[in-house]
Structures are given as C-alpha cells and as structure tokens.
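J.: Sequence:
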Amino acid sequence: MNHIDDHPRIVLLREQVNALPVDESYKNQLLKSIEIYRDQLLERPEIPVDGGWDDLEALQQVTLSDAMEHCLKLIP
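Count the sequence shown with the numbering used here and you get residues 1 to 76, in order.
A portion of the hints provided could be inaccurate.
Dumping the calculated SDA-like pairs for lysine to any residue here, alpha-carbon to alpha-carbon at most 25 angstroms [what the hints assert, rightly or not]: (1) 32 with 7; (2) 73 with 58; (3) 73 with 62; (4) 73 with 24.
Using C-beta positions, here's what the derived DEER-type ranges look like [stated by the list, open to error]: (5) 49 with 25: 30 to 38 angstroms; (6) 73 with 50: 29 to 37 angstroms; (7) 75 with 49: 21 to 29 angstroms.
These are calculated hints, taken from the structure and not from any lab test. All C-beta atoms, glycine included, are put in the ideal place defined by N, C-alpha and C.
Make the full structure from the sequences, and use the hints.
T.: Structure, rendered in structure tokens:
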C-alpha cells in the first residue's frame, strides 16, 4: 500500500463508501474511483469552499460521470 492510501481523508472516504446503503457493484465503482482520483481528491480543500462538495459527494460525482461517459461510448 502506498502512503497516500493511509492518508486520513482516504481512509475516511473508504469507510464512508463501505457504510453506504447501496449496491455492492456501486460501492466497488466508488472504491475504484478512490484509487483513480486519490491525488485529485487530496488536492481539493479539506473543507469545501462556498458550500462546495465534500469528498464523498465529489467522489460520487466523478464516479457517475465516468459511468455516463462509458455508456455514451457504447452508443453507435
């Protein structure tokens, strides 16, 4: 494991994802997104500025965006 994987925000984010009352496949997508976007997540302000998204909300947004992008690529 990378030292970034032990960062308190990443650990908390994994715990939050695992506690969500959602389908396991969606949890897996969110956990995969943590791996893909962890550097960008850590670059974000820890406390959202002007009511912006917290880390979990941001993670969900990029995960849904990636899923939508994937679906759009499947359209002929």
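J.: Which hint numbers does the structure go against, in order from smallest to largest?
T.: 7
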